[in-house]
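Participant: If you want the working numbering, it's the position in the sequence shown, counting the first as 1, plus 61.
Simulated from the structure, these hints should not be mistaken for lab results.
In this text, a Cβ means the ideal position worked out from N, Cα and C, and glycines have one as well.
Errors might be hidden in some of the hints.
DEER-style ranges, computed between Cβ atoms [what the hints assert, rightly or not]:
1) Q137 to I84: 17 to 23 Å
2) P142 to G73: 16 to 22 Å
3) I77 to L149: 15 to 21 Å
4) T213 to F141: 34 to 40 Å
5) P161 to S183: 28 to 34 Å
6) V111 to P78: 28 to 34 Å
7) A188 to F156: 48 to 54 Å
8) Q132 to F156: 24 to 30 Å
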Amino acid sequence: MSDRTISGNIPGAALIPGLAGLIPFVGGAAAQWVSLPMLPAETGLKLAIVYGAIILSFLGGIRWGTATALQHQGRQRLEFPASVLGPLAGLAAVFLPAIPALALLIAGFLMQGLWDVMSVGSGRLPAWFGRLRIILTAGAVVSLIATLLAVTVT
């Protein structure tokens with residue numbers, strides 16, 4: 062069953078929880094635009110920012126893990142320090158006002174996604190991971206932009 066794939070060659074074991082991981086982003090954005098009894102707008106905003114910080118940290122952990130597999134020490138000298146930039150940006154976002162926090166998270170996700178796709182292109186990560194990261198980055202960024210737009214118009 063481990064060789065089963067969904068949506069091209071993305072393993073279902075990665076795609077399904079990845080897509081489920083977008084739910085807090087979508088919920089945070091939705092709470093800004095519609096009245097949700099169980100998720101008021103202020104809580105939805107906190108959810109979007111804190112969850113975004115957590116996921117940037119998670120992505121940094123993935124990159125740290127891929128750096129450990131590198132045989133080229135020069136490349137490791139770049140990738141280990143770079144892998145902590147996302148988590149540090151996420152941490153900063155938690156302490157910033159909403160608009161700069163959301164802007165920082167959006168930039169962080171776009172840069173992390175670009176790094177992941179470029180790593181696929183250079184053969185350091187499997188092709189399916191690049192496709193997955195495009196899908197998940199798009200979902201996170203669109204949700205964060207929707208949250209940002211709602212915050213700026215209110």
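Participant: A range of 28 to 34 Å was offered for this pair. Does it hold for the Cβ distance of V111 and P78?
Facilitator: violated (19 Å)
Participant: Taking 16 to 22 Å as the stated bounds, is the beta-carbon spacing between P142 and G73 within them?
Facilitator: violated (34 Å)
Participant: Are Q137 and I84 spaced within 17 to 23 Å by their CB atoms?
Facilitator: Since the Cβ atoms of Q137 and I84 sit about 35 Å apart, the hinted range of 17 to 23 Å is violated.
Participant: Do T213 and F141 keep their Cβ atoms within the hinted range of 34 to 40 Å?
Facilitator: holds (36 Å)
Participant: Within 48 to 54 Å: is that where the Cβ-Cβ distance between A188 and F156 falls?
Facilitator: violated (37 Å)
Participant: Range hint 15 to 21 Å: satisfied by the CB atoms of I77 and L149?
Facilitator: violated (30 Å)
Participant: CB of Q132 to CB of F156, is that within 24 to 30 Å?
Facilitator: violated (38 Å)
Participant: For the pair P161 and S183, does the Cβ-Cβ distance stay inside 28 to 34 Å?
Facilitator: holds (32 Å)
Checked against the numbered hints given earlier, this structure breaks hints 1, 2, 3, 6, 7 and 8; the rest are met.
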